[in-house]
Amino acid sequence: MRRFFFLPIVGAMLAAFLILLVFMVPLILFGIIGRTLYRFGLPWYGFLLFLIISLMGSTVNVPLWKIRTDVPVIIMRYAYFMGIPYPIPSIESRESYTTVSINMGGAIMPLVLSFYLLMVNSAAIPASFFATLSISVLTYFLSRPVQGLGIVVPGFIPPILTAIVALLVGGEYAPVVAYVGGTVGTLLGADLFHKGDFKKLGAPNVSIGGAGTFDGIFLTGLIALLLAS
Numbered sequence: 087m088r089r090f091f092f093l094p095i096v097g098a099m100l101a102a103f104l105i106l107l108v109f110m111v112p113l114i115l116f117g118i119i120g121r122t123l124y125r126f127g128l129p130w131y132g133f134l135l136f137l138i139i140s141l142m143g144s145t146v147n148v149p150l151w152k153i154r155t156d157v158p159v160i161i162m163r164y165a166y167f168m169g170i171p172y173p174i175p176s177i178e179s180r181e182s183y184t185t186v187s188i189n190m191g192g193a194i195m196p197l198v199l200s201f202y203l204l205m206v207n208s209a210a211i212p213a214s215f216f217a218t219l220s221i222s223v224l225t226y227f228l229s230r231p232v233q234g235l236g237i238v239v240p241g242f243i244p245p246i247l248t249a250i251v252a253l254l255v256g257g258e259y260a261p262v263v264a265y266v267g268g269t270v271g272t273l274l275g276a277d278l279f280h281k282g283d284f285k286k287l288g289a290p291n292v293s294i295g296g297a298g299t300f301d302g303i304f305l306t307g308l309i310a311l312l313l314a315s
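Counting in the working numbering, the sequence shown tops out at residue 315, every number present.
To be clear, the hints were calculated from the coordinates, so they are not data collected in a lab.
One or more hints might be untrue.
Below 30 Å or equal to it, Euclidean Cα-Cα: the simulated DSBU-like pairs (lysine-lysine) are [stated by the list, open to error]:
no. : residue 1 : residue 2
1   : Lys152    : Lys285
2   : Lys152    : Lys286
3   : Lys281    : Lys152
The task is simple: from the sequences and hints, build the whole structure.
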């Protein structure tokens, strides 16, 4: 199976992660975050390692299937009069294919961690389900298909929605609800609910959880870490 590599805005996410880490280190040293995350079945160093690996995994996309698309192409023809060429542009559709992939750091790993967190914290399932449903609907209407790129949602939207919903319904499980609702909700609303738009993008590759949505998903993980404090 062929594997494709293309890079979302990892640099900006790495900068945000490092800045937040500076503020989190004192809390980690005092054990505040550590005790909270451990209560949810995840040691703080494991979660930080997970976020770092997610950044690295954001460059890896696993192909799933291909869809046929019609790409508009400008064709230039010429008419001659007295030996002088006159351009006549026209637009034609040419058959192409778009490879739909799933991003390792922006989809596969967050889904695995979400499943683990819900298995360990089953009491958080109702609130996480509500948060996932709410965030998926909101991100669906706030995301836009961008021709030649993919489905794009502003990076600050999922974290803000996640923080609000998790604080409203999460209770003592707010960090778990934030992570599960924010990541799964963004994947559903921004990517999968827009599946019908994939063929209109005219892009050679469309990545679920990749460029366009990875930043929002990654920042959601940072919000969950903040709520744990």
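To see whether the hints hold, each was checked on the structure:
Using a Cα cut-off of 30 Å, the hinted pair Lys152 and Lys285 holds, with the two alpha carbons roughly 10 Å apart. Our distance criterion of 30 Å between C-alpha atoms is met by Lys152 and Lys286, whose separation comes to about 13 Å. For the hint pairing Lys281 with Lys152, the CA-to-CA distance comes to about 12 Å; that is within 30 Å, so the pair holds.
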